[in-house]
Structures are given as structure tokens and as C-alpha cells.
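Just need the whole structure built from these sequences, with the hints factored in.
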Amino acid sequence: MPKDSGIGASSKRREDVRFLTGAGNYTDDINIIGQAHVYFLRSDIAHGTINAIDTGAAAGMPGVVKIFTGADFEGVGGLPCGWQVTDKHGQPMQEPAHPVIAQGKVRHVGEIVAAVVAETLEQARDAAEAIELDISELPAVVDMKRALADGATKVHDDLTSNLCYDWGFVEENKAATDAAFEAAAHVTKLELVNNRLVANPMEPRVAVGDYSRAGDDHTLYTTSQNPHVIRLLMGAFVLGIPEHKLRVVAPDVGGGFGTKIFHYAEEAFCTFAAKACNRPVKWTSSRSEAFMSDAHGRDHVTTIELALDADNNFTALRTETFANMGAYLSTFAPSVPTWLHGTLMAGNYKTPLIYVNVKAVFTNTVPVDAYRGAGRPEATFQLERVIDKAARELGVDPVALRRQNFVTEFPYATPVAVEYDTGDYVATMDKLEEIGDFSGFAARRAASEANGKLRGLGVNCYIEACGIAPSNLVGQLGARAGLYDAATVRVNATGSISVMVGAHSHGQGHETSFPQVVAEMLGIDESMIDIVHGDSSKIPFGMGTYGSRSIAVCGSAMVRATEKIINKTKKIAAHLLEAAEADIELKDGQFTVAGTDKSVAWGDVTLAAYVPHNYPLEDIEPGLEETAFYDPANFTYPSGAYACEVEIDPETGKVTIERFSAADDFGNIINPMIVTGQVHGGLAQGIGQALLENCAYDENGQLLSASYMDYAMPRADDVPFYEVDHSCQTPCTHNPLGVKGCGEAGAIGSPPSVINAVIDALHSAGHKVDHIDMPATPARVWAAMNG
Amino acid sequence: MTKVSMTVNGKAVSGEVEGRTLLSSFLRDDLHLTGTHVGCDTSQCGACVVHVDGQAVKACTMLAAEADGAEVATIEGMANADGSLSVIQQAFQDHHGLQCGFCTPGMVMSAAALLKEKPKPTEAEVREYLEGNLCRCTGYHNIVKAIMAASGQDVAIAAE
Chain D
1 MPKDSGIGAS SKRREDVRFL TGAGNYTDDI NIIGQAHVYF LRSDIAHGTI
51 NAIDTGAAAG MPGVVKIFTG ADFEGVGGLP CGWQVTDKHG QPMQEPAHPV
101 IAQGKVRHVG EIVAAVVAET LEQARDAAEA IELDISELPA VVDMKRALAD
151 GATKVHDDLT SNLCYDWGFV EENKAATDAA FEAAAHVTKL ELVNNRLVAN
201 PMEPRVAVGD YSRAGDDHTL YTTSQNPHVI RLLMGAFVLG IPEHKLRVVA
251 PDVGGGFGTK IFHYAEEAFC TFAAKACNRP VKWTSSRSEA FMSDAHGRDH
301 VTTIELALDA DNNFTALRTE TFANMGAYLS TFAPSVPTWL HGTLMAGNYK
351 TPLIYVNVKA VFTNTVPVDA YRGAGRPEAT FQLERVIDKA ARELGVDPVA
401 LRRQNFVTEF PYATPVAVEY DTGDYVATMD KLEEIGDFSG FAARRAASEA
451 NGKLRGLGVN CYIEACGIAP SNLVGQLGAR AGLYDAATVR VNATGSISVM
501 VGAHSHGQGH ETSFPQVVAE MLGIDESMID IVHGDSSKIP FGMGTYGSRS
551 IAVCGSAMVR ATEKIINKTK KIAAHLLEAA EADIELKDGQ FTVAGTDKSV
601 AWGDVTLAAY VPHNYPLEDI EPGLEETAFY DPANFTYPSG AYACEVEIDP
651 ETGKVTIERF SAADDFGNII NPMIVTGQVH GGLAQGIGQA LLENCAYDEN
701 GQLLSASYMD YAMPRADDVP FYEVDHSCQT PCTHNPLGVK GCGEAGAIGS
751 PPSVINAVID ALHSAGHKVD HIDMPATPAR VWAAMNG
Chain H
1 MTKVSMTVNG KAVSGEVEGR TLLSSFLRDD LHLTGTHVGC DTSQCGACVV
51 HVDGQAVKAC TMLAAEADGA EVATIEGMAN ADGSLSVIQQ AFQDHHGLQC
101 GFCTPGMVMS AAALLKEKPK PTEAEVREYL EGNLCRCTGY HNIVKAIMAA
151 SGQDVAIAAE
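Top to bottom, those sequences are chains D and H. First residue of the first sequence: 1, per the numbering used here; consecutive thereafter. First residue of the second sequence: 1, per the numbering used here; consecutive thereafter.
Read the hints as simulated data drawn from the structure, not as lab findings. Please read these numbers as outputs of a predicted model, since none were measured by experiment. Note that the Cβ used here is the ideal one computed from N, Cα and C, for glycine as well. A few of these clues could be false.
What the hints assert, rightly or not - Here are the simulated DSS-like pairs of lysine-lysine, each with C-alpha atoms no more than 30 angstroms apart in a straight line: (1) H:K3 with D:K12; (2) D:K275 with D:K538; (3) D:K571 with D:K538; (4) H:K120 with D:K12; (5) D:K598 with D:K568; (6) H:K118 with D:K12; (7) D:K538 with D:K568.
What the hints assert, rightly or not - Residues from chain H that face chain D, not an exhaustive set, calculated with beta carbons under 8 angstroms: (8) G35; (9) D41; (10) T42; (11) Q44; (12) E71; (13) I75; (14) F92; (15) Q93; (16) C100; (17) T104; (18) L130; (19) L134; (20) C135; (21) R136; (22) G139; (23) Y140.
Stated by the list, open to error - DEER-style ranges, computed between Cβ atoms: (24) D:E651 with H:S5: 50 to 56 angstroms; (25) H:E18 with D:S527: 44 to 50 angstroms; (26) D:D649 with H:S5: 50 to 56 angstroms; (27) D:D437 with H:A124: 20 to 26 angstroms; (28) H:M1 with D:D710: 44 to 50 angstroms; (29) H:S14 with D:N700: 47 to 53 angstroms; (30) H:S5 with D:A57: 37 to 43 angstroms; (31) D:D437 with H:E71: 47 to 53 angstroms.
Here is the structure:
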């Protein structure tokens, strides 16, 4: 019987009512009396020297308040990078300055050259057209391998080259890995591209800066997944504003997918300009601006090799990846191809030796950073593609080859530094074969062929690492932040509860699922509990929402704080019931004395805490509010197995997804409806990457895919109904809820099975194609079929 | 500046607009009906879909002046008179047809236009009709399900 409330119930989302009635409060819905608008003049060339910027004519245009250029930001800090990677020689990465407004040079199309603040956006835009820019164009570096060639133009003159770092992992494994390849019975090698993507949350970024001279107080309203992180980065590193003078609010946020984690120049600008102009300053990104200023995702070029022994056991894995950083280091960019990618290369398999090399490269392109999955899709794609290729070369069933090499005993220490606590990869594969109706595939293929179509079945497994932690470990890996989270449970006098959480909900449904946990623990109705999120002035602290961490990390903090509440209320109840604290039980919102019929209700106890007339004041304080910070002991490791069936029209090369099945193990689940929805969304993004989406630059660094006319987003008729199952559950062993996280799984797990299915379909018609790079567009598929 | 008058969600409204003012801007900035969202600048995303004289229209493709004298319906006017969710809105909540909520107003307005035009659409017809509405969160699965359910058709999907 499904539950109708608490943990495990598919409670309907309470936030839906405001979204469905137009009552949401997104950042662009915020307008402050007296606000001015900013329009950013952005570079339309990829690389050049700024000789002069003449703002004279523009300054006299109607409505102009003030025009800013790089000169106004001399002495102001640059945008900081939050992760320092150490290279294979033990040296720190090269880390260029990242100015709020370009200084001296422009380094990518879209970089801010000047900012016009005016009474209206139209006036600001008109005035920007009157700014005269004198920029001498320099050769642009776009291709990563060319950027590393001798004599290549440097993106940053003050760095020694365009190489950010050359990372080896695990360096001590390299010699043994190479030796295993020498001894291998079979080696499969694959070169592939993980295509550059643009996250494209449907809400473009917005920032509104406000300043009060009365108290020297700054407020920034922004489309962020982590307002406290923005407060810390912008306050401490860019503008020099202490936390108690800086409030950052992220209200309703229309999707993030990683790209709203980072601290952006526009946020710092609006905060800075609000003080400089002494009035609120608002910026709303157009979609065209978003394409050239939101951090991009992926963009890896990889060679992967898999060594197998004579019995088809995996003996070693070796990869070399070139990872595009773009022109500057976005907030967490260096961590993505390294610690979020190299540590995942074991996948679901007991490969004893792994060596990962990553060269991170500066180019004259938009900075690249975490996008849904962040490093883990890149790891999964190459691993699951090379396994499929190996199976084909060896003439064995790709599912059987995977099963043979599965990790089956837990905990399992991988050769890439992480230890999986739990999992059951056999169970998820069994479930996949069932929901994907593998036994019926031959008949479906025959039916497709009868219609003149090719049909392919592709399978892959995945491992995700969520809730990256603990802080003392990530500090050693180069993180310049802790990765805990915080929650405050404030029980009001009449028993209702506000939970202030450091996680931020921008589609994940926290406002519904988080109260389910507290309701379960206290035995009270979910409707008595609200969460508060997204405002640094209301919440103790928070590292925000990314990396599928919210319930595993912030949810655990909430559990700890609620446990403190339970402990205190039991003391109060013991006093009221004149019983020993150890005998008090809390069930269904009633405190009872074990073995008696004496009880007191939740609301009477909470009232006593605030009206402490009959109260143990000598032992405990009045009031009922508790805070917990939770720093996890390890990552969590969700896993699963996915299957895709495609049809290919041999006349056109067009690929259609006919069936997509996903069997996931997320550990314990709070709200199955929400979890299923998270998987659906991830699948569409993964299918989008595999078949449709591509962020393209020409050789001069011009962004060719800068609108929805050119960047193919998945639409409703590009995807099928998905079959999603998460009944395989191996709970996480080191957090109190046994949860693992589910936000990125769909995007991590789906691209390889799509491409594996395409290759399978092509082989079924005799086309001996080893690989097609994503997106597998009709043009690429047709070309592969026709030599 | 031009004076425009129209009926929005059954209420007569008017305002002074520039010739270049878009209907989406007039609704959001002048009438403070911020439920109509703007997600792109090429009329691709559909977050701004409203009804103008009963037709689904992307409010970013129409000048406010062009809507002079028109009957306009926005997401703010879609709930029942007693404030409860309409059948389509309720179906979106029941079937988890929204996550971040940003595309949702446009989705609901498009769904309402579709069901008026075609009360019992097939799954393929729903998907085709939503060509002009982008969602990045749901993978469309539950949106399609919600619209099918709102049309009174049950969608049985394996493994759910």
C-alpha cells in the first residue's frame, strides 16, 4: 500500500499552486521603486586588445544614469575560482585574473566590455549602441589541441601557455596500468568527443542590486542555486562587503542544472552599481545573452583504452582527456574534469587498475563549468561506449560482458580513490531487462525492419557520486569551500514549524519533500511544516543545491536538528507528565509514558516551551529552535542501468527514440513522484545531448549556436514516454535517511545507451561503424551509413 | 506613446505604451501580471503564451498596440471563479507536470488552447501541439500525461 504522507509518500507538490496560477515570485518579477536598468555591451569578437572605449556620446543619451567600463573596476577584485587543482607534478593550476568588466583585452564573444545604466532598458540599449569601441582583433584559439601547440596564441599573456593543468590520477597507478596493457589479451581503444552544451534553464539569469545608505546594507536578488555561496564569493573576493552587510536572495528560480551555481560578473556588477548610482540596478538576461554568458557544460575530447584478459575480465583502463575551460576559470570549473570525472572512471566494474590523464585548456570561448552531472556524464559516456565497442570486437553480448565485470561486494574501494558503500548492479540490470522487455526486442526489430527502418538496442550502466564530501577530504583535493549543509528547525508556540534550509529548490520540490521527513519524524501533519530557503538573511548558512546533494546533505542536517527538537520536547513532556525522560515516547504527535495511558499532545508541549509557566527552567531554556550542520562522511553512490531503443530511417539518417527504460537505485526515497520526475528530466537532457544539442564555435571563436533557432533543445515530440523504476534500493549506509540523491542520474545515464543503440542499429544493417560523435544528427548518421 | 485598451482576464484595462512595446512587456511591466514569462528572444520557448481573442499567442511576438480592443486571457485568469485550480491546472499538479514552474504558464495556456480545439487529442497530437513550448525540467513525460488526463483520457504507462 503506498503511503499517503511522510517518507515514501507521493505527496502532491504544494509549490505547484503558485506556479500554476501565475503567482510565482521569480527574480525578474521583483521591481524596486526607483530602479534603473543595466544593459551590458558585450564583445562581438573572440580575442582582441582594447585600445579605447569612447562613452562620450552615449553618456549624453536620454535616460543614461552612468556608464561603466573596466577602468571603473580597477582595484575591485576579480571573480574567484573555488577549486584549485594540483597537476601531476605537484604544481598548482594556472589561474588567470577574471575581471568583472574586461580590462585590456577581450577573451571571448560575450565578455562584458561596458555597462550602461539608464532609466529604462530600452534607453540603456540605445545608449550602448552609441559607445565607440576600438578593439584590435587578435587570432583566436578555439581548438584545444591547437591551443596547446608550440607557438599558439595565448589567451592570457601572463600565463606560460594555454594549459591550465595536466592532471594524472592516480599517478602512482600509471606504471602498473601501462604494464597491464602490455599483458592484455585484448585492448579496445576509442576516441570520442563529449559535446559542448548550454544548460538552458528556461528562466534566464537575472540580478537586482539594491543599496541602503542608511545602514550601508547591500541586497542582491539573483537567480542562484546557492545564495550563501554567492554572498561569500562576491562579498569576500570581489567587492569587499562583509557578510552582515550583504544579503543575497534567490527567490523562485526557474531551473538551474548547474549553470546557476556560479558567481557571475553581472551579480557583482549590479551590487556594485547600486551603491555607485545610489539606486537599485536590475539586469535581466535575454536568451541570446544567456548563450554567450552562462557557463557552458561538457566539452571534452577523450581517448579511452580498455584492457581485457583472455576471459574478458577488465584488467586496466587508461584515458587521456582534453577539457575545455573556456577563457576564464568559472567558479568550480577545475573540479569537473578531475575530481568529478576521474573518481568515477571505475563505473560499476571491478577494473583493478585505472589511470586518468586530463589536460585542461584555455580557449577564446565562454567559460565551461558544471552542467547536470558535471564530469560524471563524461566519465560514464566514455566507459560505457568503450565497453560496448569491446563487446562487439570480442563477439560477446554487451550485457553479459558488463555483468561479468560488475562489482558485487560492498563496500568496494575503487582504484580511483573512492569507496562505494552500497549497490546492487545485478538487481538493477535484472530490473532493466524486465521493464525494457529485452526478450521482445527481436520482434520489435523485425517489425521496424518490415517498415524499412533499422532498430537498435543500447544498454549502459552508471554510477553517480552525490553529495561530495567530507569537507576535510575535499579541502585536500583543492576545494576552497566546505561541503556540509545546515538546517534550523523552528517550532512555533502552537506547534507549526518553519525549517530554514541551506539547500535551494529550483524545481526539485523541496517545499514538499523536506516537510515529509519532519512530519514522519514527529508524527504530525505535513501541512504544519514549511521550509524557508533562498535568503541569506533568514537561513543560518547553506552550501546550496547541486550535485544531487540536497536531501543527502541538507536533509541530513534537517534530521539532526529535528532529533535535537525531539530530545528537548521529550524533556518538556517528561516534566509535564511527571515521568522519567527515558520513558517518554513520541508517536503520531502524542508524547506518552511507556506502559501507561498518560499522554500530552505535541501542541501542548510546544506551547509550554514558549509559555513556560510549568516548565523545567532550571534544566532547559525556553523556546524551541535547533540548528544542525551536517558534514557527510562520504559521497553517496546511486547507480543504475538504462536501455534505449532507437529507429533509424536509412533514407535520411534520422534517429527516433522508440523506447527508453531506466532502472535506478537511489537508496531510500522520500517522494517517489518527485524522484521519477527528476529522472524524466535528466533523460530528456541526456537524449538532447546524444541526438540534438551542440554548442558550436567557428574557427574565429564566433558562437554559431546562440539562440533556439540554432541550438536544438529537446521538444515534446523528440522524446517518448519513459519507463522508470526505482524499486531496487540499497540504502546509503552513512547518512541518517539512507538516501543517495537522484537529480543528475538521468542525464548521466542516458547518452551512452542512445549512442550504443544507434551503433547497434547500424550494425544490424551491415554498417560497420565504430562510433558516432554526439549529437547523432541525421547528417552524421547518414554520413556514417554512406561512408 | 499610444493609448491601448483591452480586456485582460475579464477586466477592462488600458495604458500608454510605446509603439515597440510587446504584449508580454505590457502584461508584465504595466499590468504587473508577472505569471506570463519571457524565456527567449526568438519566439521559440512559449513561456509567454496567452490567449488573444481565444487564440493561443506568444505574447512576445505581438505588440501591445496590436492587442488594442482584444480579449486577453493569461495564466492569472485560468483558475475557477472560487479560486480552485481548473481541470487543466489540477491535472498538472496531480501528474507532476511541472518542476521549476517557469514554462508552466505557457504550457497551461497551450494545453487549454489545444483541448478547446481538440477535446480528445492523441498522445502524438499533444506532443506535436507542444512543439512551441520548451520545458527543461520534466522531459515532457508528465506534461503530456497531465494534458491527456485533463482531456479525460487515462494514460497507462508501464513501470509506474
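**Asked** What are the numbers of the hints that this structure violates, sorted from low to high?
**Response** Structure breaks hints 1, 12 and 28.
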